[in-house]
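Student: Chains A and B are the protein sequences, given in the same order. In terms of full-length UniProt numbering, the first sequence is residues 1 to 335. In terms of full-length UniProt numbering, the second sequence is residues 1 to 276.
Quick caveat, the hints were computed from the structure, so don't treat them as lab data. Some clues are possibly wrong.
Interface residues of chain A toward chain B, partial, derived using beta-carbon atoms under 7 Å [unchecked claim]:
hint, residue
1, Pro72
2, Phe81
3, Gly99
4, Ala103
5, Leu105
6, Leu164
7, Ala167
8, Tyr289
9, Asn331
So, partial list: chain B residues that the calculated Cβ filter (under 10 Å) puts toward chain A [said to hold, decoys possible]:
hint, residue
10, Pro46
11, Leu50
12, Arg168
13, Ala174
14, Arg175
15, Gly178
16, Thr180
17, Tyr187
18, Gly259
Straight line, CA to CA, 30 Å or less: simulated DSBU-like cross-link-like pairs of lysine-lysine [unchecked claim]:
hint, chain 1, residue 1, chain 2, residue 2
19, A, Lys20, B, Lys132
20, B, Lys164, B, Lys116
21, A, Lys101, B, Lys116
22, A, Lys130, B, Lys103
23, B, Lys164, A, Lys130
24, B, Lys116, B, Lys132
Even for Gly, the Cβ is constructed at its ideal location relative to N, Cα and C.
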Amino acid sequence: MGRITLQGVQKSFGPVHIIKGADLDIADGSFVVFVGPSGCGKTTLLRLIAGLEDVSGGSILIDGKNVVDTPPAKRGLSMVFQSYALYPHMSVRGNIGFGLKMAGLARDEINRKVEAAAATLNLTPYLDRKPRELSGGQRQRVAIGRAIVREPKAFLFDEPLSNLDAALRVQMRIEVTRLQKQLGTTAIYVTHDQVEAMTMADKIVVLNGGKIEQYGSPLELYEKPANLFVAGFIGSPKMNFVTGDPALQKGAATIGVRPEHLKIERDGAGGWPGTIAVAEHLGSDTFLYVDAGPLGMLTARYIGELSLSAGDRVSLVPDPARIHRFDNGGNAIRS
Amino acid sequence: MARMATTRRVAVSTIAAWLCGFLIFFPILWMVLASFKTELEAFAVPPSFLFFHWTTENYATVQERSDYFHHALNSIIIAGGSTLIALLIAIPAAWSMAFSPTKRTKDILLWMLSTKMMPPVGVLVPIYLIFKTVGLLDSRIGLVFILCLGNLPIVIWMLFTYFKEIPRDILEAARMDGATVGRELVYVLTPMAIPGLASTLLLNLILAWNEAFWTLNLSTSNAAPLTVFIASYSSPEGLFWAKLSAASTLAIAPILVLGWFSQKQLVRGLTFGAVK
C-alpha cells in the first residue's frame, strides 16, 4: 500500500516561504509527476515527503499515518536522486543491497533480492563493477535498482533523467514507466520537463511559486487548464494568449488558443492576419511564428508540411470550440 | 617555431625545478654526508664534499651513547598516538560541521585555527606547571595529549575540507536506505574519505614526529622522542657535528621513507581544495 496524503504542508527557510500550504491526495499505485519551473518548490515538496527536510506546518500521511516526525528510513519510501548518488566505493551489488544490509537481512536473502532486481534492470553482468565503470544510463539503473529492491511503499524520483542525453532519456522514460506499472508501486516524480510529465504521469501536479496550481490527469491539464500559468506551462509549443478586443468579444480578459488549434489560411481575410516571421519545417510538423500586429507574436502548428516561408501573409483562424477563456485574475472561465 | 619555444620553456622550467629541489634538499644531503665524516673533517674549512674518509663510526657511537630504539619507540608512540586520537575526535567534529553547519560553524572553525596563531611558548609556563602538578612531565601520555591538542585544529580543518567535497546526495541516499548517523559514518562517509583521511594522517604523523618545542620542554629521558635524542648532541662545548648529523639522519629516516612512499597522498593533501 502506498497512499500519500498532504494536508496543509508548509515549509519555510527562515523568512522565505517555499511551500505555501499544499493539499494533495495521491492514490495507491498511481504515478504522479510534480512539474513546474525551477524554484517552484517541487524538489522541496518531494524532500518533505521523503523526510530529508522537516515540515514547518501541516501533516504528511502515508497510508493514513502521520509521518512528519518519522525519520526518512522509517517512512518506507525510496528515492532516486538526480545525481544518482551511488556509493562510489561499493560495487553495484553493494549499492543495491545497502538498504537491505542496513535493515539487517541475512546475506543470502540480500543476494537473492539484489540478483532479482539486477535481472529486472539488465544489470546482472555488471554486479561486481564499481559505479565509475558504468555509463550514465547504467548508473541510473543502479539507482533505480537500489530503490526497487527495498519494496517501498512509494518511489520518489528527483529529476532522475536530467543528466542523460536526449535519446537515452526517452528510452529510460519508457523503462521507468513500464517498471512502475509492472510493480504497481506508487511513484512521485519531479521534473521541469513538461513532456516527461505529460508522457509518464497518471496525474500531474503543476507547482508555481510554492503553490499547487492544478492537480489532474495530463489530458485534463491540456484541455481544461485552471489558469493562465497552467495553460502556458503545459503544451509545446506554448499556448497563444490574446488580450484586447478578440478577448472581450468572448467575454474574457484573456483568451488562449494552442498552436495546433489555429487554422492557417493563405491570404485569408477572416481570423487574425499577420506576416510569418519564422517558419520551421520539421517534416512531420510545420511551426509558424506569425507577427500578428496588435495581437503580438502568435505560434501556429500545422501537422505535415506546409510550403510557406518567412514574409508570407497568412491569416490564423482559431477553432471556436478550443478557445480557453480567462478572467482578470488569470483564472479559467468555465461556462 | 611555437613548438620549439614550448620545448625550451619546458626545459628551462625543468632545470629550475630541479635546482630548487636540490637547494631545498641540500641541507639534508649535507647532513647525511657529514654523518659519515670524522668529527675533524665535518668541521674542516674548506669542507670536502665527497672525497673524505668515509666512516660509520658516528652511528656506532651514537647508538652506544644513547639508545636510538628507545627514542624511536617513543616517537612512534607519541606521533602515532596523538595522530590517531586527533583523528578519532576530528572525524565526528568535521562531519557535524560539514554536514549540519549552524550559523556559528565558521566562527568555531576560525576560533580553532586561531589557537595555532599564538606562539606555543606563550603558554609554556602554565602548561609546564599543569604537567608538573598532574605528574605528566616526561610521560608519553602527557606528550600524546599535548601534541594531539596542538594538531587537532589542523586535523579538523583538513577533514572538514575533505568532507565538504563529498556530495550531500550520497549521505541522504544512505539515510533513505536506513543508515543511522553512526552507520553512515562507518559505511559511507569514512570509506569515501579514505584518501583525505590518509593524507591527513600522514601530514599529522610528520608534524608530530618533527615537533620539537613541546617534546624538548616536557620530556627528558623516559618519554623523550627522537627530537630530544638529536638535541642531546647539540652541545655548546666540544665538536659533535658528525655525531649530531648521524643522530639527525637516524631520526628523520623513518619519516623520510614514509613520506617518500606516500608522496602522492601528501601532495593531494597539501593542495587539497586549491584546485577542483
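Student: Each of the hints needs a verdict: does it hold here or not?
Tutor: Right, here's what the structure says about each hint:
1. Pro72: holds (5 Å)
2. Phe81: holds (5 Å)
3. Gly99: At about 4 Å, which falls below the 7 Å cut-off, the nearest Cβ of chain B leaves the hint on Gly99(A) intact, so it holds.
4. Ala103: At 6 Å from the nearest chain B Cβ, Ala103(A) passes the 7 Å test, so the hint holds.
5. Leu105: violated (11 Å)
6. Leu164: violated (16 Å)
7. Ala167: violated (25 Å)
8. Tyr289: violated (40 Å)
9. Asn331: violated (38 Å)
10. Pro46: violated (58 Å)
11. Leu50: Violated, because the Cβ-Cβ distance from Leu50(B) to chain A comes to roughly 49 Å (cut-off 10 Å).
12. Arg168: holds (9 Å)
13. Ala174: holds (7 Å)
14. Arg175: holds (5 Å)
15. Gly178: With Cβ-Cβ at 4 Å, under 10 Å, it holds.
16. Thr180: With Cβ-Cβ at 8 Å, under 10 Å, it holds.
17. Tyr187: With a closest approach of 7 Å, the Tyr187(B) hint holds.
18. Gly259: violated (26 Å)
19. Lys20(A) to Lys132(B): violated (63 Å)
20. Lys164(B) to Lys116(B): holds (22 Å)
21. Lys101(A) to Lys116(B): With Cα atoms ~43 Å apart, Lys101(A) and Lys116(B) exceed 30 Å; violated.
22. Lys130(A) to Lys103(B): violated (37 Å)
23. Lys164(B) to Lys130(A): holds (23 Å)
24. Lys116(B) to Lys132(B): holds (23 Å)
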